[in-house]
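Participant: Construct the entire structure; sequences and hints are all you get.
Protein chains in written order, with full-length UniProt numbering: chain A, 1 to 304; chain E, 1 to 311.
Don't read these hints as lab results, they were simulated from the structure. Some hints could be false.
[As the list claims (entries may be wrong)] Residues of chain A placed beyond 12 Å of chain E at every Cβ, according to the derived structure:
| hint | residue |
| --- | --- |
| 1 | I3 |
| 2 | S22 |
| 3 | K30 |
| 4 | E82 |
| 5 | I174 |
| 6 | Y196 |
| 7 | L198 |
| 8 | P217 |
| 9 | T237 |
| 10 | M266 |
| 11 | T283 |
[Said to hold, decoys possible] With the C-beta cut set under 8 Å, the calculated list includes, among others, these residues of chain E facing chain A:
| hint | residue |
| --- | --- |
| 12 | I19 |
| 13 | I134 |
| 14 | V136 |
| 15 | I139 |
| 16 | V141 |
| 17 | G211 |
| 18 | N266 |
| 19 | T277 |
| 20 | Y280 |
| 21 | S281 |
This structure is a prediction, so every number in the text was calculated from the model and none was measured. Cβ atoms here follow ideal geometry from the backbone N, Cα and C, with glycine treated the same way.
So the chains spell out like this:
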Amino acid sequence: MQISKDKFKLVGTQLSEAEKISKPSLSFWKDVFIRFRKNKLALFGLVLLGLLIFMAIFGPYMTPYDYASNDLSNKNQPPSSEHWFGTDDLGRDVFARTWEGARISIFIGVAAALIDLIIGVIWGGIAGYKGGRTDEFMMRFADILYGVPYLLLVILLMVVLGQGLTTMIIAMSITGWINMSRIVRGQVLSLKSQEYVLAAKTLGANTNRIMSKHLIPNSMGPILVTMTLTVPSAIFTEAFLSFLGLGLTPPLASWGTMANDGLPAMRYYPWRLFFPATFICLTIFAFNVVGDGLRDALDPRMRK
Amino acid sequence: MAKYIGKRLLYMILSLWMIVSATFFFMRIAPGNPFASEKKLPPEIEANLNAHFGLDKPWYAQYWEYLVRIVNWDFGPSFKYKSQTVNDLINEGFPVSFLLGMEAIFIAVALGVLLGIIAALKHNRWPDYTAMIIAVLGISVPSFIMASFLQYFLAIKMGIFPVARWESFMHTILPALALASTPMAFIARLTRSSMLEVLANDYIKTAKSKGLSSGVITIKHTIRNALLPVVTYMGPLTAGILTGSFVIERIFGIPGLGAHFVTSINNRDYTVIMGVTVFYSILLLVSILLVDIAYGIIDPRIKLAGGKKGE
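Facilitator: Now the structure itself:
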C-alpha cells in the first residue's frame, strides 16, 4: 500500500530546540528531597519526629513538676488537668517523666547510631579500599562477630558491666557497627574503580583525601539510611533491656524503665504503661518511615 | 556444596567459641561472687563451695573444663538453686518455649505471606495500603508492648482470652500473637516486594497470554518464586522469636526457658546466665546454618561455593 507524502506534515520540532534543557538542573540531594516530599507517609514521619524532638526538649518545662521528686500523697493519680499523664506509684508526674524519658531514649538511639557510624565507616572503608588480604581478614572478623547473637551479647554485657547509660551504649555498639561496615565496604568497593577516583589518584591525591573527599561523600546515601534505621533498633533494644530489668537505675527514667514499672500495675493504673509504650511505638514508627522514605528517595530503582 | 557447608560450619564454630569464651571471661570479671548474699559466709564454707564448683583452680584450667563440658552438652550447675542444673532448666523450660515459638512462627509465616500476597495482587489499591499500614505498625510496636496491649484489651477488659498462665490452647493464643507480630510484618513486606518483582517478569506475561487463569498464575508461577526470599528470613525470624520469648513469657507468666533466663538475670545467677546464653547461641547458629543450606537446595540459582550473596 502506498501512502502519499502529503498525508504527513511537520509538527514543528526544531533541531536547535531538541538540545535545550527546559528543566532547571537539580543537584542529587535536591532530587532526593523532591522524591522524599512526594512520599506522604515519610513526610508524616518527619513531622512526627520533629514534634517528638520538640517535646523532648521543651516538654519537661511545660509542667511545674519535676521528673524525680516524689509526692506520696498523690500516688497513682489518673490523668487530670493537674497531672496530664497521671502519676506513678511514688507520686511522680508521668508527663514530666515521659519527656525526660524521651531525651534519654532518643539520646541512646542517636549515640548508638553515631558510634556505629564512626567505627563502621573506618572499618568498612579501610577493608573496601585496601582490598586483598586486609579486606579478607577484616571482613572475616566481622563475619564471626556478626554470628554472635546480638541481644544475648548485650544482655551478657549489661549483667557484667552493671547497669547504666554508658554501659548500654557500649554494649549496643560492640556488634552494632558490623552492619554499617558491611554497607560502607560494599559502597567503597564499587566506587573505587570509578574514573574520578583514578583521576584523583593521577592528580596525586593521597588515600585520606580520596576517602574523605570522594568515596565517603558518595556513599552518604546508604550510610544515612542505615543510620536512620539504627536509631529505632537501638531505642527498641533499650526498652527491651529495661523491660528485662537491665535498664537505667532510678530515679532516671527512660521509656523502657517506665513501661517496666507500669506493667505490674497495668490492671488498675493503665496510664503508667500506656504513655511510655505509645511513645516508644511512635518514635520507632517515625524513624522507620523516614528511613524507608529516604531509601526509596535515594534509589528509586530499589523501591521495596 | 560440601565445601560451602564446611566453610559455614567453621564460621559457626568460631562464632560459638567467641560467645562461649565471652560468657566465661565476662562472668569472671562480673562484680560480686556467686555466693554473695546478705549473710557473710564463714571463710571455710566459702573455700569448700569454691572447691566444689572448681573455682579454686587457675583460670585456664577452669576455662578448659568449661569448654569440655559445653562440648559434652553439660551447661553446668545453678549457683542459686543447689539441686538444679542448667540442663534441668533447659529440659523443663525449653519444650514450653519451643511450642510457643512454633505457634508464633506458624502465625507469622501464614499471616505475613497472606498479607504480602494480597498487597501485591492489589498493588497501589486500598488492600495494599491497609496491609502495608498493618506491616509498618507491626514493625513499630515492640513485642512486649504488643503483648501488654493485647493482654490489657483482649484479656483484662474484654475477657475473651485468659490473662496469663500456660494451661490450654486458649492460653497460648495471645502470647503467640504478640510474639509473631513483628516477624509477621517483616514477612508481609518481604513477600509483597518479591511478589511485585516476580509479577513484572516476562514469564508471567507469557502465562497470561497462554490464557492461564489468574489463580493458576498466582499459585503456580508467582508465589512459588516469590517465597524464596522469605526462606532467607527464617534465620532472623528464629532469633526474633527466641529473644522475644524472654519478655513475652514474663508478661504472660509462662514457665518457659525465656522466663527462667530472665529470673536468672534478676538473681544474677551467673552459671545459669552463661549456660542458657550458650544454649541459645547454639540453637540460633544451627538454625541459621540449616536455613542457609535449605535455601541453597531450594533455589538452584544460588551458587553456594561462591560464598554469601552480595560478596
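Participant: Against this structure, judge whether each hint is valid.
Facilitator: Here is how each hint holds up against the structure:
No Cβ of chain E comes within 12 Å of the Cβ of A/I3; the nearest lies about 31 Å off, and the non-interface call holds. The Cβ of A/S22 sits about 29 Å from the closest Cβ of chain E, beyond the 12 Å cut-off, so the non-interface label holds. With 12 Å as the threshold on Cβ separation, the claim that A/K30 sits away from chain E holds: the shortest Cβ distance comes to roughly 26 Å. For A/E82, the shortest C-beta to C-beta distance to chain E comes to about 25 Å, beyond the 12 Å cut-off, and the non-interface label holds.
With a closest Cβ-Cβ approach of about 10 Å to chain E, A/I174 is found to fall inside the 12 Å limit, against its non-interface label. Consistency note on A/Y196: stated as away from chain E, and its beta-carbon is indeed over 12 Å from all of that chain's, at 24 Å minimum. Residue placement check: A/L198 keeps its beta carbon more than 12 Å from all beta carbons of chain E (closest about 24 Å). No beta-carbon of chain E comes within 12 Å of the beta-carbon of A/P217; the shortest separation is about 23 Å.
With a least CB separation of 10 Å from chain E, A/T237 falls inside the 12 Å interface cut-off, contrary to its annotation. Not every Cβ of chain E is farther than 12 Å from the Cβ of A/M266; the closest lies at roughly 6 Å, contradicting the non-interface assignment. The Cβ of A/T283 sits about 9 Å from the closest Cβ of chain E, inside the 12 Å cut-off, so the non-interface label is violated. With its C-beta approaching chain A no nearer than about 5 Å, E/I19 sits inside the 8 Å limit, and its interface hint holds.
The closest approach between the C-beta of E/I134 and any C-beta of chain A is roughly 13 Å, which is over the 8 Å cut-off, so the hint fails. Hint status for E/V136: holds, given a least beta-carbon distance of 7 Å to chain A, under 8 Å. At about 6 Å, the closest approach between the beta carbon of E/I139 and any beta carbon in chain A falls short of 8 Å, and the interface hint on this residue holds. The beta carbon of E/V141 is positioned within 8 Å of a beta carbon in chain A (closest approach about 5 Å), and the interface hint is therefore held.
Checking E/G211 against chain A by beta carbon gives a least distance of about 31 Å; that is not within 8 Å, so the hint is violated. A hinted interface residue such as E/N266 counts as satisfied when its beta carbon comes closer than 8 Å to some beta carbon of chain A; here the least separation is about 5 Å, so the hint holds. Hint status for E/T277 relative to chain A: holds, with the closest Cβ pair at about 5 Å, below 8 Å. With its C-beta approaching chain A no nearer than about 6 Å, E/Y280 sits inside the 8 Å limit, and its interface hint holds.
Hint status for E/S281 relative to chain A: holds, with the closest Cβ pair at about 5 Å, below 8 Å.
When the structure is compared with the earlier hints, violations turn up for hints 5, 9, 10, 11, 13, 17 and for no others.
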